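Chemist: Sequence:
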Amino acid sequence: MRAFLGGTRDPDVLSLPDADLLAIARREMGPVLGLRAAPVLERVYRWPQATPQMEVGHLARMARLDGIVAGRPGLFLAGAGLRGTGLPDTIADGQRAAAAAAVFASSRASKGDAVASKRSG
Numbered sequence: 004m005r006a007f008l009g010g011t012r013d014p015d016v017l018s019l020p021d022a023d024l025l026a027i028a029r030r031e032m033g034p035v036l037g038l039r040a041a042p043v044l045e046r047v048y049r050w051p052q053a054t055p056q057m058e059v060g061h062l063a064r065m066a067r068l069d070g071i072v073a074g075r076p077g078l079f080l081a082g083a084g085l086r087g088t089g090l091p092d093t094i095a096d097g098q099r100a101a102a103a104a105a106v107f108a109s110s111r112a113s114k115g116d117a118v119a120s121k122r123s124g
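Read in order, the letters of the sequence shown are residues 4 to 124 in this note's numbering.
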């Protein structure tokens, strides 16, 4: 199980010693998950400012960018922080862009086949 502490809501928590961070994680997760036993293994990894935080207005900027990209057939955007800040968001964004690119490539191939058959016919 993994707990994330800190972030924009509580950045100062990372200044606490590892033992305190572990105690906070156990205290907050234990009741929710019904944990009674002590963990077999605990580790603390500190990654300050590791996850980008979206600013107010980010989704509106993305909507405008999507409108611009829609007017440029064959251009697809995907990446970390575009439509979410976590790894699952990045994967989903890549899958969305890949699917759109596949549809585009398939439609181009179909149009090419139609042009080729007109020329030969």
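Hint data in this document are derived by calculation from the structure and do not stem from the laboratory.
Computed from a predicted structure; not experimentally measured.
Here a beta-carbon is modelled for each residue, glycine too, at the ideal position from N, C-alpha and C.
Wrong hints could be hidden among the right ones.
20 Å max Cα-Cα, derived SDA-like pairs, lysine to any residue [claimed, not checked]: (1) LYS114 / LEU78; (2) LYS114 / ASP96; (3) LYS114 / GLY74; (4) LYS114 / PRO76; (5) LYS114 / GLN98; (6) LYS114 / ARG75; (7) LYS114 / ALA104.
Have a look at the derived ranges for each label pair, beta carbon to beta carbon [to be verified]: (8) SER109 / GLY10: 39 to 45 Å; (9) THR54 / SER109: 53 to 59 Å; (10) ALA105 / THR54: 35 to 41 Å; (11) LEU36 / GLY97: 47 to 53 Å; (12) ARG29 / SER113: 56 to 62 Å.
Chemist: Could you work out which of the previously given hints the structure breaks and list their numbers from low to high?
Modeler: 2, 5, 9, 10 and 11
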